[in-house]
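**Q** All chains, full assembly: derive it from the sequences and hints.
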Amino acid sequence: MDDLLTSMSDTSAALLDAPDAVATNGNGVATVSATAMIVLEDVRKVYEPDVVALGGASFVIEKGEFVFVVGPSGSGKSTIIRLLLKELEPTTGRIIVGGRDLTRLKRSKVPLLRRNVGCVFQDFKLLRDRSAFENIAYALRVQGESNTAIRRKVPEVLALVGLAHKAASRPDELSGGEQQRVSIARAVVNHPPLLICDEPTGNLDPDTSVGIMQLLHRINTAGTTILMVSHDREMVDKMRKRVIALDHGLIVRDERRGGYETE
Amino acid sequence: MTRVKLVVSEAFRSIGANVSTSFAATMTVLIGMFLLGLLIALGSWVVSWSDHVKDQLQVKVFFVDDVTPKQINAVGTYLRTNPERIKDYQFVSRTEALERMRKKYPELTENLPTNPLPDSYEITPSRAEDVKQLSGAIRGQKFAGVERVKDGQQTSKRILQVARVIEVVFLVAVVVLLTASILLIANTIRLSIFSRRREIEVMKLVGATNWFVRGPFMVEGLLCGFVGAFAAVALLLLGKEVALPSILGHIDSSSDVRALGFSLTAFILLGVGLAVGALGSGLTLRRYLKV
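Keeping their order, the protein sequence lines are chains Y and H.
For the first sequence, position 123 matches number 123 in this note's numbering, and the numbering has no gaps at all.
Heads up, this note's numbering is the position in the second sequence plus 1000, with the first residue counted as 1.
Be a bit skeptical, because a hint or two may be false.
[To be verified] Chain H is faced by these chain Y residues, among others (derived, beta-carbon under 8 Å):
#1 Lys-125
#2 Asp-129
#3 Tyr-138
#4 Arg-186
#5 Met-235
#6 Met-239
No lab work stands behind these hints: they were computed from the structure.
Yeah, the Cβ is synthetic: ideal placement off N, Cα and C, and Gly gets one too.
**A** Written as structure tokens, this is what we have:
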């Protein structure tokens, strides 16, 4: 199991290694290093006509970090996630993920970006008419993996999330926690260097949440960078990871080993 | 190859998982194609009938009884040297005319002591609408030995009017029905895709390209279109073989009035069914792919 996790981080590093080197921002807003996984440079996002979702956010997340993004509803957390997946374009500013400037990334390359960024959502976003196995396999099929490779990789990753025995179950036959494990398995089966989680424990009871957090922690320890939006105060306080707090589209706090609120 | 297999198997999976919407789409194609088929058959029959009727509009030049061959030749030369309005012309001698008459009305010609019919020219104009100008022009030549020039003014006017009305009505019906069936099919496809927009969103989020998402949907549309069109063709064939003879049993089939051949109609229906299914899905999908 640990071998798998290690190999995962190795491949990750190779997959997204920066071709266009990250340049330093002239305004000195963000200090960019070659080891950065995510760079936001003064990113503003204004929805029509004049709703400011993000009012100039800048931060750098290094490879291998585990970062919480917290804040009340409407503070811009979801906007950040959608910007990172290039579901949205920033109004101004620059976003660099794994060394690639998303504002310059062609639309046709977006699928490639998404294969290299794992996603876990609050509502799991599983395909309901498919088994756990097929849900995970889909992420491999979209990039043309052979059936042989799929039969090898999917059981590995199912074992990693502790669901080897549920491979044939459909989402509606699984508990919430199990569905979230399947969606995590799908997110990491491509060995992405970056995993983005949008309130992954938002729909789960506290005990189940702890299990999910442990799983994510293990994936992070193996080298995958994790950015996680969370409302789970207790969890954020317990983990003592870096916390970026947003309010009304502005970064109000960025602490190395922070809690949900400033102490 | 594996790619194709994958797309096809994804399409079958999705048909299996969405039986009711697939069925609805198939039925809509069936209805649309059935209507289109009926219309093609009916319409082509009507157009062919109106052509047939127009073909019967002729200018007839009747000669006097003691006409000389020279006088007949003069008219023949005129017809030969003025071909712009004339599609075809034929000399009908009095013997031939009687022969024809005999075939058509045997009881009338039975006891004739002499042949009362004159020699004549039958002239078919290039456009049925020109029949009047043509007869006028021939009259204007004032040929010797010509008794009279007939163009059946009243009948021709009537026939032309009816033919025009039928053509217009048919054209309008085609446009209306085609639009209706296209809208119906497009709407069904839109509903079926709308009910699966979340699925499409998920596919895009795990990094599927647009074509990877679109492929199975288009194959599915292709299948629904094919099955629907095929069923429509089967129904039309049934109607043609069973219903039509009992309704129109006594209409003689020897005339040159014909509907478009059935196999050609079937071919058109299958083609349109396939195209509507695949393009309909492909195009409707576009707006949901912008994730």
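**Q** Would you settle whether the hint for Arg-186(Y) is holds or violated, based on the nearest Cβ-Cβ distance to chain H being less than 8 Å?
**A** For Arg-186(Y), the interface hint holds, since the closest Cβ of chain H sits about 7 Å away, which is under 8 Å.
**Q** Measuring from the C-beta of Lys-125(Y) to each C-beta in chain H, is the shortest one below 8 Å?
**A** holds, 5 Å
**Q** Is the hint on Asp-129(Y) kept, meaning its closest Cβ partner in chain H is under 8 Å away?
**A** Since the shortest Cβ distance to chain H is 4 Å, the answer is holds.
**Q** Could you check if Met-235(Y) really has its C-beta closer than 8 Å to a C-beta on chain H?
**A** violated, 24 Å
**Q** Hint check: is the beta carbon of Tyr-138(Y) less than 8 Å from a beta carbon of chain H?
**A** holds, 6 Å
**Q** Does the nearest C-beta of chain H fall within a distance shorter than 8 Å of the C-beta of Met-239(Y)?
**A** The hint is violated - Met-239(Y) has no Cβ within 8 Å of chain H, the shortest such distance being about 26 Å.
Consistency note: the structure conflicts with the earlier hints numbered 5, 6.
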